[in-house]
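Chains as they are written, first to last, in our numbering: chain A, 1 to 506; chain B, 1001 to 1529; chain C, 2001 to 2107; chain D, 3001 to 3749.
These are calculated hints, taken from the structure and not from any lab test. Quick caveat: nothing in here was measured; it's all calculated off a predicted structure. By construction, the Cβ of each residue, glycine as well, lies at the ideal position given by its N, Cα and C atoms. Misleading hints may appear alongside valid ones.
Stated by the list, open to error - Derived CB-CB ranges, DEER-like: (1) 474/A to 1072/B: 28 to 38 Å; (2) 61/A to 1072/B: 47 to 57 Å; (3) 1441/B to 3387/D: 17 to 27 Å; (4) 1029/B to 27/A: 57 to 67 Å.
Residues per chain are reported as follows:
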Amino acid sequence: MSPTLIPLSSNDMWILSPEIAMTALALLVLSLDFLIKRREIIAFVSVFGLAVPAGLLAWIESTPNHPVYGFYGMYTIDNYAIFFDFLFLLIGAGVVMASYDFVQRYMRSSGEFYALLLFSLLGAMLMASSRELITVYISLELTSFPLYVMAGMLRKDIPNDNASSVRSTEASLKYVLLGAMSSAVLLYGMALLYGITGSTDLGEIAVALQRGFSGGPNSIVLLVADTFIFAGFGFKISAVPFHMWAPDIYQGAPTPGTLFFSVASKAAGFAALIRVFAAGGLLNAGSFYLWGFIAIAAVATMTLGNIVAIAQSDIKRMMAYSSIAQAGYILVGFTAVAYQPSNQTGISGMLVFLAVYVITNIGAFAGIIAFANATGSEQLRDFDGLFRRSPALAFGMILCLMSLAGIPPLAGALSKIYIFVTAWQEGGLLPWIVIIALINSVISIAYYIGVAYRIFVKNPPREDRLRVSAAISFALAVSVAGIIAATIFFQPLLNFGVSGAQALLK
Amino acid sequence: MSWLLTILVFLPTVGALAVMAAPRGLSRWLSAVFTGVVFLLSTWLYIGPMISSGGNAAVFGNVSHPYWVDQAPWINVAIGSLQLKIDYHLGADGLSIFMLILNALLTFLAVLGSGNISKRQREYMALLLLLETGVMGVFCAFDLYLFWLFWEIELIPMFLLIAVWGGQRREYAAWKFVIYTVLGSAVMLAGILLLYFNLGSQTGVYSASFNWLATHHVSGNLTVLGLTMSSQLIIFLLIYTAFAIKLPMFPFHTWLPDAHTEAPTAVSVLLAGILLKMGAYGLIRICVDFMPSGAHQFAWPLAILGVINMVYGGLCSLVQSDMKKMIAYSSVSHMGYVILGVAAAVGPGATNPAFKEAALTGAALQMFTHGTITAMLFFSVGVLYDRAHLRDINAFGGLQAKMPRLTWIYSFAVLASLGLPGLSGFVAEYLVYTGSFSTFPILVGVAAFTVIITAGYLLWMLKRSFFGPLNPKWNGITDASILEMTPLITLAVLVLFVGVFPQFMINLLHPSLNNIIQTISGAVTASGR
Amino acid sequence: MLLTLNSFLILGAVLFCIGLFGALSKRNAVSVLMGIEIMLNAVNITLVAFASSSTGTAHGARLTGQIFAIFIITVAAAEAAVALAMIIAIYRRRNSVDVSEINMMKW
Amino acid sequence: MDIFVRDIWVIPLLPLIALVLNLFLIRPLDVAYRDRAASHAGAAHDSHADHSEHSSSEAHYTAEELIESSYVSAIDTVDGHIDTPAAMPHALQTAQQTSGGKQAVALMRQWEQHPEHPHGQPTVYARLAGFVGIAGMFGSFAWAIGALFAMFGNTALQKGITIPLYNWLTFGSISYHVNFYADSLTVVMLVVVTAVSLLVQFYSQEYIESEEPRGYARFFAWLSLFAISMMILTLSANFLMIFIGWELVGVSSYLLIGFLGKDAPKIDGGRPSPSAAALKAFVTNRVGDFGFLIGIMILFAQTGTFTFTEIPQKLQGTDVTLITAAMILVFCGAVGKSAQFPLHVWLPDAMEGPTPVSALIHAATMVAAGVYLVARTFLLFHSFAGPQAAMVVAYTGGFTALFAALIAMVQVDLKRVLAYSTISQLGYMFVGLGVAGTDGPGMFHLMTHAFFKALLFLGSGGVLHALSGQQNMRKMGGLAAKIPLVAFPVLLATLSISGVPFLSGFFSKDEIIAQTLAHGDIALYVITVLTAFLTAFYMFRAWFLTFGGKGGAFGGLWGGKYRGDVHPHAPGMRIWLPLMLLAIPTVFAGYWGFAPLGGNFNAFITGNPAAAPFDNPFVDPMTYVSITLAFLGIGIAWLMYGMEVIPADALTRNPIGKGLHALFFNKFYVDELYMALIRFGIFLFAKIAVSFDKYVIDGIINGIGSGVLGIGRGLRKAETGRLQNYGAAFFGGALIIAAAFIAVVYFGK
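Using the sequences and the hints, build the whole thing.
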């Protein structure tokens, strides 16, 4: 076939419209920052501007027989992508609300922060939709660069902690250097994959891998490529042993940034990981032994995350390990995917779990941010007796932490059961992985309830009432309401996840 | 949907929110009103069917056909090879009604008996109400997943109740409680998953609904770590672990003495009265009914463990100097009866199924008995503790002279606890003994040793604290007030009534338990053992 | 000696390792950044080698690797900009760009 | 007349009504009335007493409590010692204020033992409680007499009828019924129980009035409770009911032994507190119940029924060994309740209860329950179980009879002597049940013994009452002259128990001795005759030490030197009247079994008119052997303690005698042995169990907890904070995974 230029069709624009709207929004916020001094307007625009891409997404989704692929198959807007896009928009709204006060107090220009956040989300949305390695890479970096910057955006020390801005800078530097290293590894893996399959299109890679090639599915190059790609995404999702950046950067970054890393970066990482591995047919590599390594990574991730989290004294660091452990649970679902690549079950489990994790983590971090705003501290011991200083905040935080711990009947427990079920039903050794995961849940209780213990049981250092601003209360309330809604209406969420999973593996 | 069960389960949650929202001064009254209303509603569970059927006890139905049902679809997903169905399925047959009413009553009494709580009263009451929701849910969940979800709700309220309002070592006790409980429920979830998928793949129908599980049992073997065992046995063991911890069964019992000792009075009452019963209820309702042949295979170890519980708990009680700790260990001992009764019901031998039903009924009655009597003991100790701030048995002496009312009711509770005929404790123990004997003669012989030990430690305690010459340190101690006596007398009347007319309770239990006995004998015959 | 695909691949791999060594062993943050750039360029060599030896029939198959490499170069430049900005920021605060001293946060 | 049998449930119902009235109506009124009176008195006390302003209200309150009511008119304190009652409250106050609790307690003790301790008077409500209890009891007694007469000549009734009450529980084919059963055995037992109960309740009015006026109403309530329990036990139609009665009796006994909540003065340092005695009684009984319960369970498991009348039919063809074992286990219960060796230890201690209780429960009725149980299941023992079962019964009884008699010889506490005598006599009954072909002889002795032993105890209560609680016989002597109205019936009873002819004890005891011979068991014969001799000796030893002594009339038989320091005061009518009434059956009850006068107890009790009556004892030459021995015993006692011609320590001067004396006096050290067993057996196990909990189980749990935390703390150190370490881990991890992946894929197969 001779290379002829096929013009982009309106279809392509149509399916890209949410991202285009997102870009416009980010640019708008960036420029508003120059024009308007009133920060609440910027925040307001950031949050409600998200309605445009969301509306477009909903429009696309509700259109029957809407186009699914565009840009020569490079780009898709299937249910999987829609699921993640909505998730990212949700994250955007949640993080902006939760960060409003913090940004206003401690950051020089709030517009920058929101614009970066929106750009990063744009990258994440692209990541969920790309079906081609170059696109994946570009969107990955688009997601990451703003994160690097956001990590270092704390320019004023927060009160009671005169090293916080130095830590922020340090976090930023560590993040950017480690991020670049991980990109290099990812790229090397992609290069190898391209080399053996001759294509960067996931669909063609899958076909090539299935068709067979020199060395076959056990070719060393393929195995290395698999591993490196997994390592690259593993960095994003903070899977052991690629997790080591997470605690430091979570701790050092300004808390809204931490919140954003813990949800957006992780969700985007998973979105790409699943897409690449499942749609790219990589799971069939290595005579299906891949699942074993994923299982080991899953076990190591959750175990390490949980055990080290117990020993933490800084709540953000603890939440970092918590998010590592949560990634471990999601990897249990991914193990199921790897174990039986043709089975969509595991993917649906991962999607649902991720969604609930995101909602819950936003709530938990909103609580932390609110606390930090009011007291200037992020040390665990300062949470003592929070219930008496601010019952509503404490209640919200406890609820979110309990959901993260998987205490029934909260959504966290349901999603955990569901992801474990998806793994369990595959049979083989997977039930054992689930059992290890269950034991891990038990260990995790120690620190989740440990925080609840401090909040509820211990005596407060002083008996004042904490003032919590409206925006963050709203974020927390929305998160709590989301958890409760996800509990009661778990089925719609499940359906959404299932349709996403089914879209990925037709 | 009848809504009654749903209301019973969630009204306390509403109450908890209301208590938190209301002014501080109202919390006690508000919670009393809520728990009181729940209790009144719960009695309708019994009265309603009785009226509608004209007094025919068979109306309560069994696990497959409970009288009360509240059902709504909740989670239903079919993707790839997975079929997952979790229904919001509440039901109540005789056994459940029995426990629901007991729970409603004891929570109500616990709220009444919490007059001594002045620290953070609002939170305390809210947590008590939340606890009630969880336990109500456990006793009427008719879907295994739902059961598991409710099973864990109780964790946080109980943890906080112990941790905030407990005694000296409350932190340790609360954490120990949590570790044990969570460990148990994790293992139980594994068991539930195993059961669900095994049964699903065998029958083609994936359902965790109780009426499905009660009528379809897993068959075949499973190989675990190179060891081939029957699936039912494995599932039984996994699920039972959680119940064994809750019961608590030796060697999983050490959380109980600490938790009981450190918890505030009303919480101890609920712990002993209700939370331990969750384990017993689960054992009867789930382990025995859904894995009959697994239970059958495990009958011998179960019986031995039950007897160990009885004797071991008794021995430990004998040397305790802390009154609450002694009662806690006596709980261990008394819950051994439940285990033994169930083991006998599922055990080998005993050609006459009536014996098995007697044993099982004894076990079920022991739940009630222990719940009420131990509640009385804890309430009494609570009265004492509120005045003396001491629980050391030897620190008292001759309190009879100063506290005749308390002595009277405490002696009553003690006598009931050691199985005085005419009180409910005797009924349960006698049924367990006589029902189990034909199955495990030697073991029951050993177990009967407990009657001596029980009398020994309880009466010895009574002697040291209440009789003999008055320790002049307590010259100024005052007797129990009318408010404090209210829960005690209510329970005493109940204990006496059931002791004299147990048939009333048996009628309620019979349809459920008889069905279980038939399930067991069916399964045992089928397996050819 | 004929330069085959493998020669380029080996070159890429060696270069990658050199870059990696630099990134992990140098104490100066700028050197670390340079090491990373070497790693990225090793990837570029690999990609271009694969592209030029590609027998792929798919639409633009032989071009893909090269395009990929161009993207990587672009992104790497941006990355370097961001990283250098951070290095400057940290230098301002601490008067040092020794990465082994940047360990305020640990454990 | 049949109605008395058919509606025999009236008998327990009447005391039940009395119990409920007393417990829930009259006692609360009593308490309320007393509280009011006390506050009244407190006010009066305030106005009269001249205590300083600064005395704390608590101390005041305490003092007031201690004297029960206002008894204060003047203050006259000698520091720490009390001379007059009036000085007491102030002394107490001073003690409380100056030196705290210890001295106050000491003073309180001292005060309680003071001869002029103001006991106060029971309130009008308390007295009402007494009347209600007695009235209920009288009704029961009358009904029992009615039932007895209804039975006379009515063989059908004698054989027994079942009176169904209600169904307790039913499971399929097995039922737990609450049924009564009445036959001649029941009725005889009921008559004994109601008669003794009635008299004891009547007697208690005066006794408790002085001992514990505050608990007056409670005491009568417990007496009624005991009566009900005993009636349930007696009327039971099945093992379920008898076990219920059995346990209830145990509890009533527990409550009544521990009734006096204070320590009595120590005699020779060996007396336990009432509460300890109550505990011991209950727990020892439980040991017996343990066997009883297992026995019941064996029978139940074999037959599926508890009913006495059904068990024999359903036991056909069951393994005899099993039944034998079951019956021996059932007998364990009897051993416990009837205080046979080795479970006899509780009965002497139970004497710490009020004396009327000792008379009622620990002499006449409850301890006879074991005998009744064996009589009730006589058929099972003799026709279904192997001969070993009856042998065990007979030899346990025989051994205990001798064993207890030996101990009784050397005791110095009056009530203890009677307690051991009771144990010994119960042993006789078991011998009778073990060797005889019917339950006649055993039950006959039960009946006669109940009367004369109740009399003896009530008599001793009279003595104690007269001496303000003194029980040490060394502090008595010559009391017959001082309290003749008590002494005379006691003398009759002493003669009766000693086996003096023509008194009831002679007939019943001799019948049992004769049965051992008839059964051909020489060993038992020797034991029983020897015991008869010892009985005569120790009973008269007690008599002389208490009522007689050197210098009394008839060679020291009546009156003599009084060795005590308390002035004896004569008891009132409510005490001596019951003694007199009990003297009647003590003398005449034996003639029911005296064939020459037409008495055929055997036929009545077995419900078989053809049953042979007991042999006429005067025909059998062997009888004269035991009569001789009895008189010999009396004679020796007379010589030693009445006339004191033989010194009391004649036999104990040599080392062997001394050793034996110590052995007997210390009750063969059985208590010590048991204490050691409990301490080094049960308690050791218990401590091991607790340690196991603490160190092994908790150790594991805590170890896991701290282990996880420790690992966490260790792994935490891996985060060094240096990004190059992180990078190394990243690449190292990736390379290791890649290498392992390749290795697995290529070498894994």
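These are the hints, each one checked on the structure:
1. Remark: the range hint 28 to 38 Å for residue 474/A to residue 1072/B is upheld by a beta-carbon distance near 31 Å.
2. Our hint of 47 to 57 Å for residue 61/A and residue 1072/B is violated, since their Cβ atoms are close to 28 Å apart.
3. Range check, residue 1441/B to residue 3387/D: about 24 Å between beta-carbon atoms, so the 17 to 27 Å window is met.
4. For residue 1029/B paired with residue 27/A, a C-beta distance near 59 Å keeps the hint of 57 to 67 Å intact.
Hint check: a violation occurs at hint 2 only; the rest are consistent with the structure.
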